[in-house]
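Peer 1: Residues per chain are reported as follows:
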Amino acid sequence: MEKMLAVKIWRGEEDGEFVTYQVPSRENQTVLDVVTEIQRQVDPTLAYRFSCRVGVCGSCAMTVNGKPRWTCRSHVKNVVKNNTIVLEPLRNMPRIKDLVVDMTEFFDKWKKAGGEFIGTRTRHERPALVDPASKARKQADAAIECINCAVCYAACDVVEWDKDYLGPAALNRAWSLVNDERHADPKGVLEKSMAAGGCNSCHTQGSCMKHCPVGLSPTGSIAGLKKRSLFEFLGGK
Amino acid sequence: MEMKLFLLQRLTAMIMVPFIFVHIGVIIYAVRGGLSAEEILGRTQGNGWWIAFYTLFVISASIHAPIGIRKVLREWAGLSYTTVNLLALALGVLFLVLGLRAVVAVGGLA
Amino acid sequence: MIRSVHKHKAYFAFLGHRISGLLLGIFLPIHFYVLGMALEQTDQFDRFLKFSELPGVKVAEWGLVLLLAIHLSFGLRILVIEFVQWPTPGSIRLNWISWGVVFSVIIGAVFLAGVFGS
Chain A
1 MEKMLAVKIW
11 RGEEDGEFVT
21 YQVPSRENQT
31 VLDVVTEIQR
41 QVDPTLAYRF
51 SCRVGVCGSC
61 AMTVNGKPRW
71 TCRSHVKNVV
81 KNNTIVLEPL
91 RNMPRIKDLV
101 VDMTEFFDKW
111 KKAGGEFIGT
121 RTRHERPALV
131 DPASKARKQA
141 DAAIECINCA
151 VCYAACDVVE
161 WDKDYLGPAA
171 LNRAWSLVND
181 ERHADPKGVL
191 EKSMAAGGCN
201 SCHTQGSCMK
211 HCPVGLSPTG
221 SIAGLKKRSL
231 FEFLGGK
Chain B
1 MEMKLFLLQR
11 LTAMIMVPFI
21 FVHIGVIIYA
31 VRGGLSAEEI
41 LGRTQGNGWW
51 IAFYTLFVIS
61 ASIHAPIGIR
71 KVLREWAGLS
81 YTTVNLLALA
91 LGVLFLVLGL
101 RAVVAVGGLA
Chain C
1 MIRSVHKHKA
11 YFAFLGHRIS
21 GLLLGIFLPI
31 HFYVLGMALE
41 QTDQFDRFLK
51 FSELPGVKVA
61 EWGLVLLLAI
71 HLSFGLRILV
81 IEFVQWPTPG
91 SIRLNWISWG
101 VVFSVIIGAV
111 FLAGVFGS
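Residue numbers (the numbering used here), protein chains in the order written: chain A, 1 to 237; chain B, 1 to 110; chain C, 1 to 118.
Looking at chain A on its own, in the form it has when it is part of the complex (with noise of 0.2 angstroms):
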C-alpha cells in the first residue's frame, strides 16, 4: 500500500471550496509536480499557472499551506504539514479560476509607480559607462532581479488593508530607477513613490523580504525611498 498524500485545493473563484484529492507520496516531489499531476491524471478541469518550473520566471507562485510560494521551488517534504498540502491562488489578487488569479492591479501599481525606464541615449551615442561599484549602481543591483512574481504582493498586509497601497514590488522597482543614473526623469520616480500609497504607507512589517524566492529586499528599497524623500522634503522640491 504505497503511502498517499492529501492535497486540498481551492476550485472556483471568489465563490467555491476546497476539495481534497489524493496523490502517491513520493521521495522527490515539488508542488508543482503534485499539481500537474492531479491535473493530468485525476481533474483536467482544475486552472492553475506554470512555466519554467525550474524557479526562474515566478509564473507558478501561489499560497501553499498558508504562505506565498513558488510550487516548482517547494519540495513537498520541506512544506508538507500533517500529511496534507492545502493550495489557495495568491492572497490580495481577484480570483479567475481555482489557482489563477487576475495580476492586472499588479502592473497598474508597478507603473503607476513610475516602474517603466525611459532612455536618454539613442543608438547614435556610445552606451552609457555605468561603474558597478558606485553607491547608487550597487543600490539598484540590489533591486533588479525582481521578476514580478507577486509573492510579496501577496504577503504584504498593507497591499490588503490599502487599496491604494502600491505595494512592494512596485516601491522597489520604483528604487531601482531612483538609482539608475540612464533613467531620464528619476525625480519623477521619487515623486510617484511619495504620493499617497507610495512609500509612507510602508510600515516595514517584513514580510515581503521574508517570502522573496529571489532573497530581495522590498523593506530595504522602500526605506531608501523614504530616506530619500527626507532629503528631498529638507532640500525643497
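These are computed hints drawn from the structure, not numbers from a lab.
The beta carbon of each residue, even a glycine, is placed where N, CA and C say it ideally should be.
No incorrect hints appear here.
Anything over 12 angstroms on all C-beta distances counts as not near chain C; from chain B, calculated:
id, residue
1, Gly-48
2, Thr-82
3, Asn-85
Computed list of lysine-lysine pairs in DSSO-like fashion (alpha-carbon distance at most 30 angstroms, straight line):
id, chain 1, residue 1, chain 2, residue 2
4, A, Lys-138, B, Lys-4
5, C, Lys-9, A, Lys-77
6, A, Lys-163, C, Lys-7
7, C, Lys-9, A, Lys-67
8, A, Lys-210, A, Lys-111
9, A, Lys-138, C, Lys-9
10, B, Lys-4, A, Lys-227
11, A, Lys-97, A, Lys-67
12, A, Lys-210, C, Lys-9
13, C, Lys-7, A, Lys-67
14, B, Lys-4, A, Lys-112
15, A, Lys-210, A, Lys-112
16, A, Lys-227, A, Lys-135
17, C, Lys-9, A, Lys-163
18, A, Lys-81, C, Lys-9
19, A, Lys-8, C, Lys-9
20, A, Lys-97, A, Lys-112
21, B, Lys-4, A, Lys-163
22, C, Lys-7, A, Lys-77
23, A, Lys-187, A, Lys-111
24, A, Lys-67, A, Lys-3
25, A, Lys-210, A, Lys-163
26, B, Lys-4, A, Lys-210
27, C, Lys-7, A, Lys-81
28, A, Lys-210, A, Lys-67
29, C, Lys-7, A, Lys-97
30, A, Lys-227, C, Lys-7
31, A, Lys-210, C, Lys-7
32, B, Lys-4, A, Lys-111
33, A, Lys-187, B, Lys-4
34, A, Lys-67, A, Lys-163
35, B, Lys-4, C, Lys-9
36, A, Lys-81, A, Lys-8
37, C, Lys-9, A, Lys-227
38, A, Lys-135, B, Lys-4
39, A, Lys-81, A, Lys-3
40, A, Lys-111, A, Lys-97
Go by the hints and put chains B and C onto chain A.
Peer 2: Below, chains B and C without anything else, positioned relative to chain A:
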C-alpha cells in the same frame, strides 16, 4: 499630504525619543516610596525647565499620536479619508488642550 | 487574524508597536486629565494618588511602563531602519527586536523594584 504626515510623525518621534528616556527615568525615580502630590508638584511647579520640557512633549505627542491613530483607523476600520482626517484633527486638539492644561496644573502656572 | 505569513519576528515587532501605541493613545488623555486635577481639584488629585497605591493599580502602571518602553524600542528600530544607512539590503535589524523586549522587561523590573522594594 501623506508624505508630509509621514515625515511629521517621524520628526515628532525623533524629538520624543530623548523625552521618553527622561520621562521613564522620572517615573522610576518618583515612584520610590510612594507618590504624593507634594513630591510631584514640589519638583515641577515654577520650574521653567520642566514646564518647557512638558510643553514640548505635549505638543509633539499631540501631533504624533493622532497621525498614527489615523492610519490604524484607515487600515483596520476602513474609514474614509474625510472621516479619519476629521477624527485625527479632533484627537490632536483634545490631546493638546488636556495636555497643556496638565502642564499648567503641574507647572503651577494658574 | 494571524496567518502563517505573519509568523515572523519583524511582523510581531510591527504588531507590538501598533498595539502599544493604540493602548498608550487611549491612556494619554486620561493621564493628562488626572494631572490637570492638580489645578482646582487638588483633593481629588490627592485621593487619586492614594487610590494609585493599591497593588492592582501599581500592576497596571507597570503594564503602562512596559507599553511605553516597547513602543520606544520598536519605534527607535523603525527610525534607524528608515533613516540610517543599511549595512546590507537584507538587514532589517531583527536583533533590535530582541534587545527592545529585554530593555522593556528590565525597565519594568526596575519600576516594580522601586514600587514594592522601598
